[in-house]
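Novice: Modelling step: build the complete structure from the supplied sequences, incorporating the hints.
Chains as they are written, first to last, in numbering that gives the first Met the number 0: chain A, 0 to 378; chain B, 0 to 263.
Since the hints were made in silico from the structure, they are not lab data. Being a predicted model, the structure only gives us computed values, none of them experimental.
Taking lysine-lysine pairs in the BS3-like style, the calculated list, with each CA pair at most 25 Å apart, reads:
1. Lys90/B with Lys86/A
2. Lys123/A with Lys86/A
3. Lys273/A with Lys300/A
4. Lys151/A with Lys257/B
5. Lys189/A with Lys151/A
6. Lys273/A with Lys338/A
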Amino acid sequence: MQASDKGETINESDICLEVRDVVKRFGDLTAVDHVNLQIRDGEIFSFLGPSGCGKSTLLRVVAGLENQDQGDVIIAGRNVNDLPPYKRDCNTVFQNHALFPHMTVTENIGFGLVERKLPKSEIKEKVAAKIDLVNLSGMENRRPDQLSGGQKQRVALARSLILEPTVLLLDEPLAALDRKLRKEMQIELKRIQREVGTTFLNVTHDQKEALSVSDRIGIMNEGAFLQIGTPDEIYENPGSIFVASFMGATNIFTGNVVSQRDGKIELETSDGLKIFAPEPEDQSGDQVSGFSVHPELISLKPETSGEPPADPTERTEFHGTIHEVFYQGDFSEFTVALKGTDMLMTVHLTRGRGYRLQLPEGQDVTISWDFTNSNVLRG
Amino acid sequence: MKKKRTASKILWVLSILTLIFLWAPMILIIVFSFSNNKYGSSWEGFTLKWYLKLFTNDQVRDALMRSLIIAGVTVVIATLIGTITAYGLYKLNFKGKQFLRTSILLPIVFPSVVTGSALLVFFTRFLHIPLGYPSIIIAHIVFCSPLAVFIILGRMQRFDWSWEEAALDLGATPFRTFLRVTGPQLLPAIMASAMLIFPWSFDDFVITYFVAGVGSTTLPIYVFSQLRFGATPVINTIGTLFVSVTMLGLLLVYLMQKRTKTGS
Numbered sequence: 000m001q002a003s004d005k006g007e008t009i010n011e012s013d014i015c016l017e018v019r020d021v022v023k024r025f026g027d028l029t030a031v032d033h034v035n036l037q038i039r040d041g042e043i044f045s046f047l048g049p050s051g052c053g054k055s056t057l058l059r060v061v062a063g064l065e066n067q068d069q070g071d072v073i074i075a076g077r078n079v080n081d082l083p084p085y086k087r088d089c090n091t092v093f094q095n096h097a098l099f100p101h102m103t104v105t106e107n108i109g110f111g112l113v114e115r116k117l118p119k120s121e122i123k124e125k126v127a128a129k130i131d132l133v134n135l136s137g138m139e140n141r142r143p144d145q146l147s148g149g150q151k152q153r154v155a156l157a158r159s160l161i162l163e164p165t166v167l168l169l170d171e172p173l174a175a176l177d178r179k180l181r182k183e184m185q186i187e188l189k190r191i192q193r194e195v196g197t198t199f200l201n202v203t204h205d206q207k208e209a210l211s212v213s214d215r216i217g218i219m220n221e222g223a224f225l226q227i228g229t230p231d232e233i234y235e236n237p238g239s240i241f242v243a244s245f246m247g248a249t250n251i252f253t254g255n256v257v258s259q260r261d262g263k264i265e266l267e268t269s270d271g272l273k274i275f276a277p278e279p280e281d282q283s284g285d286q287v288s289g290f291s292v293h294p295e296l297i298s299l300k301p302e303t304s305g306e307p308p309a310d311p312t313e314r315t316e317f318h319g320t321i322h323e324v325f326y327q328g329d330f331s332e333f334t335v336a337l338k339g340t341d342m343l344m345t346v347h348l349t350r351g352r353g354y355r356l357q358l359p360e361g362q363d364v365t366i367s368w369d370f371t372n373s374n375v376l377r378g
Numbered sequence: 000m001k002k003k004r005t006a007s008k009i010l011w012v013l014s015i016l017t018l019i020f021l022w023a024p025m026i027l028i029i030v031f032s033f034s035n036n037k038y039g040s041s042w043e044g045f046t047l048k049w050y051l052k053l054f055t056n057d058q059v060r061d062a063l064m065r066s067l068i069i070a071g072v073t074v075v076i077a078t079l080i081g082t083i084t085a086y087g088l089y090k091l092n093f094k095g096k097q098f099l100r101t102s103i104l105l106p107i108v109f110p111s112v113v114t115g116s117a118l119l120v121f122f123t124r125f126l127h128i129p130l131g132y133p134s135i136i137i138a139h140i141v142f143c144s145p146l147a148v149f150i151i152l153g154r155m156q157r158f159d160w161s162w163e164e165a166a167l168d169l170g171a172t173p174f175r176t177f178l179r180v181t182g183p184q185l186l187p188a189i190m191a192s193a194m195l196i197f198p199w200s201f202d203d204f205v206i207t208y209f210v211a212g213v214g215s216t217t218l219p220i221y222v223f224s225q226l227r228f229g230a231t232p233v234i235n236t237i238g239t240l241f242v243s244v245t246m247l248g249l250l251l252v253y254l255m256q257k258r259t260k261t262g263s
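Specialist: Next comes the structure, spelled out in structure tokens:
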């Protein structure tokens, strides 16, 4: 299955990395399955997917650390299929940093320049500039075991950036850091990228990280891209059941299209629920497998009798009972059992939207959302 | 509780007995090597004359030099072979790898008498290698390289191979990568195996005795030949020498391990 880029065309000269029909197999397992991809010059592109989806393998194929079984890797217009890693114009930040333990920070960062046989004075100058860029002043003579996780991360970043690669490959660089540090490093990563302008190719399994650092995201599963787009496209309009559930749109209705008119598309689930959503851009109801709606877009209130039901073509409204409540701090997560079905829906109420409502478990409630908040899924 | 105490007491006694049997002979040899008693078996005042006698004895000096040369050459070649073999066994995938890996153990577990006699027959009947330095050194390499293979392979299994990938990724060719990253990281293990091989080769008796031929007396063979005259004080001094060399090797290994532990 191939990803669509929402009709966007990328200017030929803007492409700094292209992957064409790449296949990588390990024995019977196809880790990367006929992947095509174009990365623009100067963007942060994230491969996002669950572990084992082939994202790291694809990155390693680009780096030259794995050889693909089929297809081409083109960096800056040059086919690099036959080039070993040490001749490719890309550098990698490894997940465990892979700093050389017997070298100081300065020696680690200068490693690649020594291989390029630059004069010592020039190496010294460039290393000093990179130490400054990643805020490591004062750490020059430390060895990796004397550095914290975040500092190691910065050394690894500087060590790769100093070679001024066309593409910087980041293999889950933040996965080993704790939550707070990870947040800090995300901000750092973005700042550094804006400062040097290098294209970043980032591999991650963390949705929040991908959304906050990326210019574009490619969602991967089973060795292929399911959807490529900007963070808001991916989050707000997931195209398939997998992407929707992976990105946290936990409310997914599967069913069949029963009508299409006035720019609206109507779905009927196997439980007989009827939901309206805006018609897709191509106005086609083909291959529609279901709708998704994000938990934070749903309103929740205690059931009151006597209120007239909403117009179902404008506002989807269901009755149910509170099943469980999970306090999260900035928001509360409610699961609601829909009446007449065995479906559980998830609703998030932020503090601003009144999660202090007295809604104990077992309370009868009405949940509703605007039809424009329903998102059409295919496949 | 009480039962535990008795058990712990028994354990203490056993441990002390073991240590006595382990250390007492060596301590006695060292002490008596400085004793004035001419049978080297009791204390009659301090003297260095046995050492003087040792170093003015041509036979001893010859044997010592021979042993040092053999051990020196063996250490260099066996460590080199061991490093390359370990690297190949770790990095390459080929049919029969597991078999080869296990079979390398054979020289260590085979009785020395078997290895020695087999090598003797092999050298004299088939390869016609002259007995003396060539045969002794080859024999020593045979039983010493496996030790290097296992020490270095052990280090490689704990090695973070992403270092190697990082070096390649940063523009170093495979050779430069070995020179700048893999080599330096394996150096402690390589040195440790050298330190252990040296005493192994230096004090080997059985295998050397088989393949030495006539006139190639190494120090252990000399010691054995002197036993006909009973334990002389000179033997004590040689024993002290052996213990010192071995302890020095072990001490160096210990210090290096301590350094790498705090280093990484």
